[in-house]
Structures are given as C-alpha cells and as structure tokens.
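Produce the complete structure using the sequences and hints provided.
Just so you know, the sequences run in chain order A and B. The C-terminal residue of the first sequence carries number 354 in my numbering, and the numbering is unbroken. The C-terminal residue of the second sequence carries number 1305 in my numbering, and the numbering is unbroken.
Derived by calculation from the structure, the hints in this document are not laboratory data. Treat each hint with caution, since some may be false.
Said to hold, decoys possible - To give a feel for the contact side, a few chain A residues facing chain B, derived at Cβ under 10 Å:
(1) Ser240
(2) Tyr320
(3) Arg348
Said to hold, decoys possible - Calculated Cβ distances over 10 Å to all of chain A for the following chain B residues:
(4) Ala1138
(5) Glu1176
(6) Lys1194
(7) Ser1207
(8) Leu1244
For clarity, every value in this text was computed on a predicted model and none was experimentally measured. Each residue gets a CB set at the ideal place from its N, CA and C atoms; glycine is no exception.
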Amino acid sequence: MNLEELVGRFQRKDKAAFEQLYNMYAENICGVINAIVQNSALSEEICQDVFVKIWNKAASYNSSKGRFFTWILNIARNAAIDELRSKSHKNQKLNLSTTYFVGILENPRDEEDNGINIERIGKFINKLKQKCIELIDLIYFKGYTQKEVSETLNIPLGTVKTRNRSCISQLRENMKNT
Amino acid sequence: MDTKSYIESGILELYVSGQLSEKENQEVAKYANKYPEIKEEIIEIEKAILGLSAALAQKNVPAFDTIKNRLDEKPNSRVIPMESKRKSWTSYTGWAASALLTIGLAYLYNQNQALNSEVQIAENELRQMEFQIAEANNSLEKSKQLLFVLRDKNMATIPLGGQNVSPDSYARAYWNKEKQQLFIDAQGLPEPPDGMAYQVWSLTLDPLTPTSVGLLEDFIDDDNKVFAFTNPNESQAFGITLEPAGGSEFPTLEQLYVLGTVSS
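What follows is the structure, encoded as structure tokens:
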C-alpha cells in the first residue's frame, strides 16, 4: 500500500492504518521534539500527545498543507515549542533561541538526560558546517520563517533559500556515505 | 517547464519544511504529480530530514500501544444531559451568579498567587543586586586607599625583573621606608603550582643576606595581585622566590623568579 492510500485510510479513522503511520514516523516525530526540548522524558510525553492530536485532527489534513510528514512535523514542533513556552518550564534551563540540536553533542553531561545516540547523529552532521546546522535546526525543527532565519543568523533574506538547499544537499551526501 | 532550475531554486526544501503558503503548497504538489523528477527530489529531501530527526530521537520511542487507548477519547465533545424539569429563571440566574462568583474568586486567587511569587522573585533579585553594589563599593574604596598610599611622596618604586627560571616574569615593589610599608604588585608572576607559594625577600648585598618579608598568600584568588607587608629592614634589594607552601627559612635561589635593587 502506498503512502497516499495509507493516509486516506487514516483520515477515515482506520486505526490499523494509523498504527502503520505511527511506526513509520514515531521515531522522526519524537526526534524533532527531542531536538527542541532536549529532554528525554519530556519529549516522550509530548510525542505521545502529538500523535493523539494527529489522530484527532485527521480530517483537517489535505494536500494544500504539504506532505503528510510536513503536516505532522508542524503539529509536533508547535506542540514542543508551546510546551517550552508554557509556564511549567519557565524556570528550567530550556531556551529556545540559543540551543541548537547539536548543543546536545557539545555538552556530553546532558547525554543521559536527552538519551540521544551521539554516534548515530555524529555521522550525519560531522561534515556539516555550523552555519548549516543552525540553519537546518531553525527551519526544520524550530519552524522559523525565511525572514526570521535571515534576522537570527544575520544573512540576507535572498540567500536563505539557496543556502538551505546547499545545506540539505550536504546532509544528503553525508547520509549516502553512512 | 525547466524542472532543473525549479529544483535548484530551493523551493522544494522549503516545501518539506512547511514554510510555503497553501497556494504554493498546492502548486508544488501539482508539479510533483506532473514531473516525476520533482516528486523524487521531494522524497529525497524528506528522507534526509527523516534520517536526521530519527537520529535525534531518544533511545526508547514509545510503542503504539501507549497511545492506542487514548484514541477513543473524544476531545471536547462530552455530552451533558439536559434536565427536562423546568425551573424558574431566577433560580438559574442564582446558580449562574454563584458560579461566576466562584470562577471570579478562583481567578483572583490565582492572579494573587502569581503576583506574590513574582514579587518574591523581584525581591530576591533586588537583594542580590544590592549585595553586588555593596561589593563593588567596597572594592572601589580599597582601590582608592591603595592608590592614595602608593602616591605618597616617600614611596619608592622598585621594578623587579624576571630571572633565569622565568625571564618573562616581572613584579614591582613599592616601599615607604619611613612608614615601613611594602607593597608587592605581582601581576606579572605566573600562577604558582599546587603546594607552592611565592615568598618575598628583603636583601642586603654586601654580604648577601636575605630576610623573609612574607608570602604572597592566596595568590590565585587575589583579584588585584597587590600584597601589603611591613618591612622594617634596611633593604638594598627585593627578590621573590617560589617555595613550598608555608615558606622557607632561606630562599631557594634556583627558584628566584624576580629581583630588583633599590636605587640609593
């Protein structure tokens, strides 16, 4: 069964289809959330909530919202960012704008806390420039617009799109070699 | 259509990230259906993001079973049975008013709690800042006193130059012979290793007789690296050596860091 059919059945509230989609994307969605909140227990909790939300919003998905993954990615990062901004974490060390997901790697003390497999991620990003890591983090995980990215990273608005392409190309190259 | 330059423009990467408007999304979806190379490119970009995000997941991703039983909960659609018995509108308004009052009170109570905790935080910050100001004032006062003392007209300045052990080191002695005050500015000395300390010596040259003036105590923690001593000696030179913590009776001359003579 192809993805379109699976998504269609999921939208008609077919639990078996949803389970398949869950198995396809749970790791990715939990990963995005973990990249944002950088806390294993918290991200697991949010990840479960996000999939329940996806199920409840099934009817609202259509192709004008982009790829199915893009749609659930959007739900996931909104939930994770909301959680970070919510009162309960106001006083914790979480800080959205300054921690990129590689912060996890640079600070090995947190390793147990976020439970990320450092070796695995290292292979993807070891050849990526810091600029690319920041760019990918902001665009894909934090959901920044091109304008926000240009202001945050201090690069011209017109280059965001092309630089993002070249960063993703590098990422693809790295993945090919692993 | 030039699909190659369309792909190169970077729009597909933004499509996968969810940055495009609904209209643009529909346009990309239309092209993807029409041109297989565009669809393939989108899938490849998505794969890269899927790979990266999966690698960022915590080690144990929850199993589907953990959410399965939550799927049947209907969000925001609980049905509340209506009572068929009719009551006069006054009793409803009474209940409504009391409910509103309760909600209002609860709201105010919460607000009050929140404000109280904010006040608490602000007070703590204020205390910390007052403490910092007091500290800064204190340190300023000390610096002023030091400057006043060093400017005394009877204060002689003796530069101490680096010796064989450490040619880059330097220090300065300020000596007020009448008041028997001696200050050592030791900013140009390296941090002493663990278990060692610098010791200051007053020297008379003919014959060479060293007299200990004292240790540069807590060298690493001292901020301005200026140390005060009392020096009743008829000094002709000053030297600083590195000694075992606690100091020595006689200077270890192989560990002589800086030395300078008093010009007569």
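Now the hints, each set against the structure:
Among the interface hints, the one on A:Ser240 holds; its C-beta lies about 4 Å from the nearest C-beta in chain B, closer than the 10 Å criterion. Here the hint on A:Tyr320 is kept, as its CB sits about 9 Å from the closest CB of chain B, short of 10 Å. For A:Arg348, the suggested interface contact is upheld, since its CB lies about 5 Å from the closest CB of chain B, less than 10 Å. No Cβ of chain A comes within 10 Å of the Cβ of B:Ala1138; the nearest lies about 30 Å off, and the non-interface call holds.
No Cβ of chain A comes within 10 Å of the Cβ of B:Glu1176; the nearest lies about 26 Å off, and the non-interface call holds. Distance check for B:Lys1194 against chain A: the nearest CB is about 54 Å away, which clears 10 Å, and the non-interface claim stands. A cut-off of 10 Å between C-beta atoms confirms that B:Ser1207 is not in contact with chain A; the least separation is 36 Å. No beta-carbon of chain A comes within 10 Å of the beta-carbon of B:Leu1244; the shortest separation is about 51 Å.
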